Amino acid sequence: MAKKKYWQSFTDLKSNKLHLELEENEFAEELPFETADSKGLTNSPASRRDFLKYLGFSTAAAIAAASCETPVRKAIPYLNKPQNLVPGVADFYASTYVSGGEAVPIVVKVRDGRPIKIEGNTLSNFTRGATTSRVQASVLDLYDTSRLRYPIANGNASSYENIDRALTQALASGPVVLLTSTVTSPTTKQIIQEFLAKYPGSRHVQFDAVSYSALLLANEATYGRRSIPSYRFDAAKTIVSIGADFLGTWLSPIEFTKQYANGRRFSDKNQSLSKHFQFESMLSMTGANADERYTHRPSETGIVAAALLSAVNGQGATGVTGKLKTGIEKAAKDLIANRGTGLVVCGSNNVQIQTIVSAINEAIGANGSTINWTAPLQTHQGLDSEMAGLLADMEGRRIGALLIYDVNPAYEYFDGERFKNALKGLKVSVSLNGRMDETTELCKYVAPSSHFLESWGDAEPKLGYFSMMQPTIAPLFKTRQFQDTLLKWSGNALTYDAYFKNYWVGKLAGVDNYNKALQDGVVEPSIANRATVSDTSTRDTTARAVTFSGSGVFNGSGVSAATSAVNGFKKNGKAELVIYQKVSMGSGHQGNNPWLLELPDPITRATWDNYAIISVPIAKELGIDLDDDYEVHPEKPVITFKAGNKTIELPVLVIPGMQANTIAIAVGYGRNSSNAEKSKDYLGRAIAGIGKNAYPLLSYNGSTIEWTLSDISYTKSGKDPYKIAQVQTHNSYEGRHEVVKEVTIVDFVKNPQMVREERNEELQNYGGLERFEKDATLYPYHDKPGIKWGMSIDLNTCIGCHACVVACHAENNVPVVGKKEVLRFHDMHWMRIDRYFTGDYNDPESIQTVFQPMLCQHCDNAPCENVCPVAATPHSAEGINMMTYNRCIGTRYCANNCPYKVRRFNWLDYTGSDSFTNDQKTMNEEGVLDDTVLMMNDDLTRMVLNPDVTVRSRGVMEKCSFCVQRLQDAKLKAKKENRPLVTGSENQNGETLTDVQTACQQACPTDAIVFGNSNDSKSGVTQTRHDNALRLFYSLEQIHTLPNVSYLTKVRNTDVLSAHATHGDLHDEQKEGKKPEAHG
Amino acid sequence: MIDLRLGLKRIATPFFITILLVGNVAKAQDGQALFTQNCASCHAINKTLTGPALAGVESRWTSKELLHTWIKNWNKAVATGDPYAKQMAASTTNVMNTFENLGDAEIDAILAYIAKAPAAPAPGTATAVDPSGATYDESDNSILYGVLTLILAVIALVLLQVNSNLRKLTDDKEGVPSHEPIPFYRNKSYITLLTLILFVIGGYFTVKGAIGLGRNKDYQPEQPIYYSHKVHAGTNQISCLYCHGGAVEGKHANIPSVNTCMNCHMTINEYAGEKIYREDGKEVDGTAEIQKLYEYSGWDPVKREYGNNGKPVEWIKIHNLPDHVYFNHSQHTVAGKLACQTCHGNIQEMGEVKQFAELSMGWCVNCHRESKVDFVDSSGTSGNKFYSIYERYHNEIKSKKRDSVTVSDIGGIECQKCHY
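Going down the list, the protein sequences come from chains A and B.
So that you can map any letter, position 468 of the first sequence is 1134 in our numbering, and since no number is skipped, the others follow by simple counting.
So that you can map any letter, position 369 of the second sequence is 1257 in our numbering, and since no number is skipped, the others follow by simple counting.
Worth flagging that the hints you see were computed from the coordinates, not collected in a lab.
Be aware that one or more of the hints could be misleading.
For lysine-lysine, the following DSS-like pairs were computed, each having C-alpha atoms within a straight-line distance of at most 25 Å [stated by the list, open to error]: (1) K740(A) with K1199(B); (2) K1639(A) with K1180(B); (3) K747(A) with K1273(B); (4) K1191(B) with K1144(A); (5) K1205(B) with K1684(A); (6) K1199(B) with K1144(A); (7) K1225(B) with K1639(A); (8) K1205(B) with K747(A).
Pair by pair, the computed Cβ-Cβ distance ranges are [to be verified]: (9) Q1108(B) with E1643(A): 35 to 41 Å; (10) T1155(B) with K1639(A): 37 to 43 Å; (11) K1639(A) with R1290(B): 58 to 64 Å; (12) P748(A) with T1155(B): 20 to 26 Å; (13) D1265(B) with N1584(A): 55 to 61 Å; (14) A1245(B) with K935(A): 53 to 59 Å.
It should be emphasised that the depicted structure is a prediction, and the values quoted were computed from it without experimental measurement.
All C-beta atoms in this analysis are idealised placements derived from N, C-alpha and C, irrespective of residue type, glycine included.
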């Protein structure tokens, strides 16, 4: 185990010269004097003069600054203060995040009238307080500068009165089609019914950019219900996923992550784990978490499913060979052994394949146990065939008017161009979208809808699980809620808030219950009255007729046909394509969101772009040399991919773990207005022009849209290499690889002391585990008399989803730096999720992945502290490594000396807080700063800043503060209430109470992060460390930094860990020799 | 000038001595604070407001116990059947609040304060120690030292001249040839010395000036409405929290919104109190200032209704902290139990408010070094239970190694307590 080699990149694996050089240079660049023509300041002919110039200028500036009069500041109180509002004290409102059909119960932090942070609603049994990176980032969408600000008629600014007048006439002329994303809101459904009734012949079409048509249709064929059941990953002991990224993007990750983590929680007492098999073509985030992972061609998905079916039926895995066969048989054996507690999911959007998966689940007894029909998931109800039908109707001029809400088919429909042409031919086209997207710009009328944080509403993501939505801010612009618009156009005099209230007061029997529901944010009635509450749910036609029971009645008549059909799917072309969703971007619904765009991908660690991920053999064929400094240089070759008549040109990234013939491209990028000049204004300054649109690569097979393509050819495009900003090659650990620890369950059960023994061995020279703290240092011990903050991160439950990173962005005003700056390694994330590979990159099955959240470790013996010449980063009596921005002079010694590489320096004025105004604009014009930085500093966008956290200026260091503002607030709360602080201890009723959670902890959907007072024997963190003492370790413990962040070793539910890589051995030895004895 | 200072000193010294000698001042302070907190929004001592004037209140009641009962819950006092209680209850339509939370000792303190309170509040009674008094002493000394230094310097200079003249005389006498005498203003040593002195003095003032940049002690801008804290908090004894309730709830004390002002000023439409003067001696027309408030609020005093033309008052912010400082009022008022006056000075004496404290980091840190936290005593009965987790300090107190815990002992002067 100790010899296992972890690598972050090919370069790292091979430790070539350039990489070593990079490791040595913490800050890989010259001083930013532009005139010094890169020879360095001393050799430059003009250096002395420049020096004098700078000196003179700064003196003059200082004098100018000093002689300024103190500005007169004003304090303007309310004219009439709302009663329950105290300026400076945050209020929390329960609401609902909606994006497409997805709905997540949330709690919104509102400070002085501005929503500034979103948390999960822990009262919900549906999500149990989980969030995703997109939910966390959605608060920034509210302040997006590219939102539509007023209604538009025929290209000109208009008013709602005019549009209402024009539309009530125009709509009457012919059948109206309302095209929306999946609608789960019961009141909205009712309003839509009323609206359609007013215009006879009209219909409602639901279109999902990422549709689950195949799943719906397969379930209709096998279970007689066109709906999606609840999956219970928490009840599953064996999980098999065939290409479903259920932790990242498939169906309802927000629910699945929490469930999945339940089976992955390991403790000293309960040494058992669920077993997760993943069969896939590309390396997905879910695949990276799997215990055993096998790869296959994208076109082989059906065969894998069929083989698994035959294997669980005891007929062996047919039609597959080699490792894949072994894997399928292993999985089948486990599924049979754990009958009733197994679960198979599949990401394919092919009806036959999903039918086979249904049959597998039936065969292993999942139906009724891990697949539950009591509360079907309603978030994706769109059928691809309906959209195809609509398009045909549009082209055949059989539609009078098209109303579009919350969808953008011109971009996200595979045949967007056809849709655009058809749209242009319509007499009346109305967009109710909130932004000027590719569809909206082609519509005659635009009546923009409000953001969900400005809206009333409800949602029913799962049958019977309601989530309420209430506005947390008055509409910022002249926008009107979708429902209000529909009510108006159907001639209803009620406004939506009144309608909504009437509806719910009626349903919940009383205003008090209604108010309670708004306050809680969720209504989750018992199963008995569910049918009556959701009688407007339309899609699941059988839902009202049948009595709900946990299991469905299986009808296997179509299975054999499906099995024989899938055998024909396999292609043997040179390469095949998987089109996928990035964990951060999803379908691209929240495209213009700099927090999401700058979020590194969990696997590729790339920001700001889409690209084609290719396998190692394809790379070799293209002549991409992995032995050279592959990741060191951001320039990646641009390759032209061809499939039939479709082509796409994209830079490529080589990722180990990809099946040999597989290429993967993400959707969500390549946003361009038809009017190229307007792209930035219409779509947003952050997203416009980035990457290429992959939606056109999808194909329609007559009933569903397929996300894979076979027979791809690829050639070098001959274009200049394209720079991809990866956060991959910097922040290296200088060859110290004791940062992560990983064991197999088999080894661990055999020798539970193995992690402790290994730690003891590492610390042997410094007193061993027992005497390490005191013996290994010359420094005196500093007492922490009251509180000692500590964090524990469980590598077993961390799935690498990055929700914490966005939460940290939002909570701590972490700046967005833009692609150019990420390319210069100037990214500012306080928290990063390091991704380590082990195994041989020539063998995708051997690749195992470990995610490790890395943040300031708050070392009690911190190397950064004693090198600061101005004591700007001292240690607190509560164990926090403090960073004092106003004292920092920017020497960056601390970052140089930090073994974990978690300190971030403000190289440029990212926040607009410099005393010299307009320098951002100048730097933008000079091409140093990206547009997105200006966008983040717009007065509107700055409303998202947390007023309790300083906005840092250029030239200061920053890093994780353990959310000190929350800690201070929690302590104050306890003091005011005259009681001791509580940090995650259980009360006598078994409820966990806490005064404080860090932002990352609160956002974590798997509860991998536990935080609290480690001096308190009852606190969550102390308990976790105590219950998992055998797995506990500190990152780079032997250098005696004494971190306050501890990790729990990853336990893989497999018998083998991938051995160290074939190429790494030689360099390993070199490194052993070089390894610094850094303990003082 | 010196006369004036001496005069002040003469007044100040006995004043301080009085304060030091009179032992129960502290208690009276509590009484006053309690009175301000609980009673002053409805009662004054010598004046009938919403409630009756309280001077001599104890003598009006038959027994002290009954008065206590009345204060805690007047209903119970009426229920005893006491005729005075009944009479009081019937005398007005205003209903007195209940104060069940007040202990007997606290009520006694309030009553003692009422009994001792002079006809009109005397200046400077609010705070026990007037730090500004201390600075007078200090500056007096520095002037004294300065004058002494100057005199000594002149003497030294004269002596040096005398010395050189004498040497010249003896040299002449002994026939030693001497240089042409250089006048002292061309003497290099003198010039060097002078330059050095000027440099030191100049440097001192430059540094001092630089440190003082952005610090605005005594900042007293003219506000859009002449709002006198003296009239409101002083004469009329309105509790600070009536308007600045945020001070116990959160970060900002908050300037009250216009509707808060109008709670009282809907009925109080003229000023008939003592004459008020601005700093420059000009008289202020209180009634006209109230009219200004009506303009802001859009209140029509004749029709007695609000128009739609209200607008918020743009007050000029006096206490400005830099953006990188986190300051929370409730931390200091609730957890720290500080009185407003500690940082804001004798606010009840100020016409227009001026910045009393320096609001410099040194000023903050000093207080954090010296102030003691409300530490739980060994029996655990008093003090804030939050501090029960500080085991080491409890042991040290038990073993008499320490007698108290200061804010800095629990990390109160660490950077990230205020800068984050």
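Right, here's what the structure says about each hint:
1. K740(A) with K1199(B): Between K740(A) and K1199(B) the Cα gap is close to 15 Å, so the pair holds against 25 Å.
2. K1639(A) with K1180(B): 40 Å, violated
3. K747(A) with K1273(B): Status violated; Cα separation ~35 Å.
4. K1191(B) with K1144(A): Cα-Cα ~36 Å, so violated.
5. K1205(B) with K1684(A): With Cα atoms ~46 Å apart, K1205(B) and K1684(A) exceed 25 Å; violated.
6. K1199(B) with K1144(A): 23 Å, holds
7. K1225(B) with K1639(A): Between K1225(B) and K1639(A) the Cα gap is close to 14 Å, so the pair holds against 25 Å.
8. K1205(B) with K747(A): Roughly 19 Å separates the two Cα atoms, so the pair holds.
9. Q1108(B) with E1643(A): 35 to 41 Å: Holds - the Cβ-Cβ distance for Q1108(B) and E1643(A), about 38 Å, lies within 35 to 41 Å.
10. T1155(B) with K1639(A): 37 to 43 Å: 38 Å, holds
11. K1639(A) with R1290(B): 58 to 64 Å: 27 Å, violated
12. P748(A) with T1155(B): 20 to 26 Å: 24 Å, holds
13. D1265(B) with N1584(A): 55 to 61 Å: 58 Å, holds
14. A1245(B) with K935(A): 53 to 59 Å: 57 Å, holds
The structure is inconsistent with the numbered hints 2, 3, 4, 5 and 11, although it conforms to all the rest.
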